[in-house]
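Taking UniProt numbering, I'd label the letters of the sequence shown as residues 1 to 149.
Derived from the structure by calculation, the hints contain no laboratory data. Treat the numbers as computed from the prediction; the structure is a model and nothing was measured. Be aware that one or more of the hints could be misleading.
Said to hold, decoys possible - DSS-like cross-link-like pairs, simulated, lysine-lysine; straight-line CA separation at most 30 Å:
{"#": "1", "residue 1": "Lys70", "residue 2": "Lys53"}
{"#": "2", "residue 1": "Lys7", "residue 2": "Lys19"}
{"#": "3", "residue 1": "Lys16", "residue 2": "Lys53"}
{"#": "4", "residue 1": "Lys70", "residue 2": "Lys19"}
{"#": "5", "residue 1": "Lys70", "residue 2": "Lys16"}
{"#": "6", "residue 1": "Lys70", "residue 2": "Lys7"}
{"#": "7", "residue 1": "Lys83", "residue 2": "Lys7"}
{"#": "8", "residue 1": "Lys83", "residue 2": "Lys19"}
{"#": "9", "residue 1": "Lys83", "residue 2": "Lys16"}
{"#": "10", "residue 1": "Lys19", "residue 2": "Lys47"}
{"#": "11", "residue 1": "Lys19", "residue 2": "Lys53"}
{"#": "12", "residue 1": "Lys70", "residue 2": "Lys56"}
{"#": "13", "residue 1": "Lys56", "residue 2": "Lys16"}
{"#": "14", "residue 1": "Lys56", "residue 2": "Lys83"}
{"#": "15", "residue 1": "Lys83", "residue 2": "Lys70"}
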Amino acid sequence: AIWFEHKRSHGVVFEKWFKPVRAETIALIFTLIDFALDGWSTGLHVKAALYEKEVKSRYQVFRTHVNQWKGLNESIVNNMLTKLFERACRDAGVAEDNSVQAALDEDHLKRMREELEGHTGETDSEADDEGSGTDEEMVAEVVDTVDDQ
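Please work from the sequences and hints to get the whole structure.
Put into C-alpha cells, the structure is as follows:
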C-alpha cells in the first residue's frame with residue numbers, strides 16, 4: 001500500500017522505477033505475503049519480526065520463479081506488469097493523463113479575449129455587472145474553458 005496509497009506515494013512519484021512493476025517488486029510482495037501467512041500457520045497468529053536474513057532465501061526463490069514466468073513471454077508479461085502499475089495508480093487516485101496541454105487552441109483564446117474586453121484588471125475600479133459573478137465563478141469559468149479542450 002505504501003507504494004500506491006495516494007497520489008504522492010513512491011510508486012506514483014517515481015514512475016520510472018515502478019512502470020512496469022518489476023519482477024523484484026513482485027518477488028518482494030510474494031515474500032511479504034508468505035511471511036504473513038507463516039504467522040498464521042498454527043491457526044493462531046504468532047507475531048514475528050521481519051528480518052532480511054530470515055526471508056532472503058525465500059525472496060530469491062520467488063524472484064527466480066517470477067523471472068522464469070517473465071521469460072516465457074517477456075512482451076506479454078511486461079504488458080501485464082504495466083497494466084498492474086496503471087491500475088495501482090488509478091486506485092491511488094491518479095488520473096490516466098495528468099498532463100496539461102502546452103497551448104490553448106484559437107477558439108478558446110478568442111473566447112478568453114472576448115471575456116477580457118471591457119475590463120481594466122483593477123477589480124476595485126470596475127463595476128460588478130450582474131453577469132460577471134464572483135472571482136471564484138470567473139476562475140471556475142476559465143477552468144471550464146480549459147477543461148473543454
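Evaluated hints:
1. Lys70 with Lys53: holds (26 Å)
2. Lys7 with Lys19: It holds: about 15 Å lies between the C-alpha atoms, which stays within 30 Å.
3. Lys16 with Lys53: holds (29 Å)
4. Lys70 with Lys19: Given pair Lys70, Lys19 holds - Cα atoms ~15 Å apart, limit 30 Å.
5. Lys70 with Lys16: Distance of about 19 Å is within 30 Å: holds.
6. Lys70 with Lys7: OK: Lys70 and Lys7 at ~28 Å, within 30 Å.
7. Lys83 with Lys7: Answer holds: Lys83 to Lys7 is near 17 Å, not above 30 Å.
8. Lys83 with Lys19: holds (9 Å)
9. Lys83 with Lys16: With a Cα-Cα distance of about 14 Å, the restraint between Lys83 and Lys16 holds, given a limit of 30 Å.
10. Lys19 with Lys47: The hint is violated at about 33 Å.
11. Lys19 with Lys53: holds (28 Å)
12. Lys70 with Lys56: Measuring from Cα to Cα gives roughly 21 Å; hence the hint holds.
13. Lys56 with Lys16: holds (25 Å)
14. Lys56 with Lys83: Holds. Lys56 to Lys83 sits at ~28 Å (cutoff 30 Å).
15. Lys83 with Lys70: holds (15 Å)
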